[in-house]
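Undergrad: Spelled out, the chains give:
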Amino acid sequence: MIGNGRAIARSAVPQLPQDEFLGGISAAVAGGARVAAFFGMLDPDPDAVGLVVVLADDRNARLHLGRTRVRGGAFDSLTPACPQVHLFEREIAEQYGLRPEGHPWLKPVRFHSAYRRGSEVFSGKDGKGPTIGVTDFYRVEGDEVHEVAVGPVHAGIIEPGHFRFQCHGENVFHLEISLGYQHRGVEQALRGGPDKRSLHYAETLAGDTTVGHTSAYCQVVEALARCQKTPRAQVLRGIALELERLANHVGDLGALANDVAFLPTAAYCGRLRGDFLNMTASLCGSRFGRGMIRPGGAGFDVDAARVRDLLARLDLAERDTTNAVELLWSTSSVMARFEETGVLAGEVAESLGLVGPAARACGLSRDVRHDHPSGIFRFAHIPLSTWSTGDVFARAYVRWLEVQRSIDFVREQLRSLPPGEARSRVKALAPDHVAVALAEGWRGELCHVALTDAAGRFERYKVVDPSFHNWTGLAYALRGQQISDFPLCNKSFNLSYCGHDL
Amino acid sequence: MIDVIRARLRQGHRTMRYPDAPPPPLPDRFRGRPRIDSSKCQVGCSDCADACPTGAIDLRRDLQGAPRIDLGRCLFCTECASACPEGALGYGSDYRLAVRERSDLVVGEDEELRLADALQGRLRKLFGRSLKLRQVSAGGCNACELDVNVLNTVGWDLSRFGIQFVASPRHADGLLVTGALSQNMRLALQKTYDAVPAPKIVIAVGACAISGGPYIGHSEVANGVEGSLSVDLYIAGCPPHPLTILDGLLRLVGRLEGRRGVRAGAG
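So the sequences go chain by chain: A and B. According to the numbering used here, the residues represented by the first sequence are 1 to 502, in order. According to the numbering used here, the residues represented by the second sequence are 1001 to 1267, in order.
Keep in mind that the hints were calculated from the coordinates and are not lab data. For clarity, every value in this text was computed on a predicted model and none was experimentally measured. Be aware that one or more of the hints could be misleading.
What the hints assert, rightly or not - DSS-like, lysine-lysine: derived pairs with alpha carbons at most 27 Å apart:
hint : chain 1 : residue 1 : chain 2 : residue 2
1    : B       : K1040     : A       : K196
2    : A       : K107      : B       : K1191
3    : A       : K125      : B       : K1191
Can you make the complete structure from the sequences, with help from the hints?
TA: Listed below in structure tokens is the structure:
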């Protein structure tokens, strides 16, 4: 049991018999815990695979770790009783060739060869890994049922993914989302690190979440190196994280307006997103926060003149954003399209393990900044923003609430920057340790887990992007909807392909 | 309705006048084209090349180990500049990073960056005033896509130059490709390319599409589009700033010909 951003010796993680391990996960989830990460790793015994779980106990701000060893290439799937592990189990099957027996939807996640030679659960041609886009797609049969297949190349400037709709007229019975097109092998490449590329992998796990993912990566490294950050470093990182949230949320509100053809807010927010990105560029030279988050603190510091400039820009952006966004709520044609579209019930969101604004829009009170605070969020509490209706409106409105809270936070922190260094030195990583870091990215919980070997190198590095939890939420939200509402529902989640595909 | 009109008045007209006026100011910490001062280099020192995460720096044997940078691999990160004990490397504010030949991206201190010249002949006649592009995202981090998209916002308004992104390759004059070309996107990219009617052009945007970027050497990617498609324009950066992308596109269609010294303002 550890807190967010802490490390413990690997030997302190309970090594459980398989039944006890799997039963423990079910029991913990039934008791209100969430599965933040569940993954495989190579074992010294080539016939065995290690499994590791990180369970988040949000009420007590604790993280529970457990591990087991599986021999024989299979284990009993937890998914029928505990749906939130469904994609984790598919990932374990694909990466390490362990078959979760009884999994109701066992298909590839990213379509690549297994990391354990010769253990393919999903084999394609010549016994190699699966071929992208070739799988047993779900299909509804019937005279009046038709199928719509979209992607991987889409009509806009967006990432690749494949979507299959089973439709009856305009109504969608089911949407299947099949990804993996952005797979570039980052988790595997992180093994053996930290090296000169590791930090740049963290910055490019999802380009719109550079600050979030790099913060989680640095927290892991700092925990393993027992590095204390200065209060100033913590504040600078908090400011960068909230600016990232502001840019993305404001951009999303504009994109949602665009998808219901309300062009005023679409045009204004498109520009205002840039104003927030340019504030991040003022901090570190990059609109996406490249170079800002570094092990030991922040890559760039600010002086009084820069703070004054940022505060002035924040005031202007706040005024224009309020003006642009409030048009949405007072325009009946927008509200008619937002309300009761793409409704996701709170119970479904809970059982699927959704995170971030998508979960909070269904009334779930979960936010890493609140439940597992680290850094500046231990001292500056950002109120939790939730809504109960679970529709497109709720996902839009929660973003707007968060925009207001983040602006307040950034302003307050800029005005009270503590003195000190922006960055501390980071020593070598502790050998044979495990560290877990959670950070609330703008899409939700980012979870990074690192296990070091005897030399203090990453033996396994696990990344869980919020999109990994949330894609299935989008599929559910579309059930019973008109297919023409897909773009609007999709934008209301705005999930990451590259963060999922890694 | 009255609120919408009031908001319209308040938000004002925001489209920049560039290229008829200087482009919007870039942030003072912006990392544009790298600057090398090899007079500061110590003989035998390879700190910058050793620190570079993508192997973008090559030390020239002919010039006592002076560094030469492959802008097609450069992530514009801070590693080389921080590693150099003498301050011989840094970043300037020059945002112009688009070229027509891959080899033009490899530049040393004394070598001029040969910025892209315009399409000529039939292609210029066809695309100079109307260029429709299909964007294909093929294994990156989505930052390039986001900053390409920015060109469609009111501030940049790309369509005023006759350049637009279209939904179907059949309606396109060429592809704008981002990403390191994941193995899982190879077939889709080829099919999209094949679906574009000839004559067609290919634009590679960002370190990933040009060289593989942070993923150079991964078996999961093809180190960019080079070798799969013939590229007509390379726009370097990780990701390139929207102004860098716009500069490249305008150069290609000949919109910047005869304009000297269009540089970003300070600040």
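Undergrad: Just pull the numbers of the violated hints for me, sorted ascending.
TA: none
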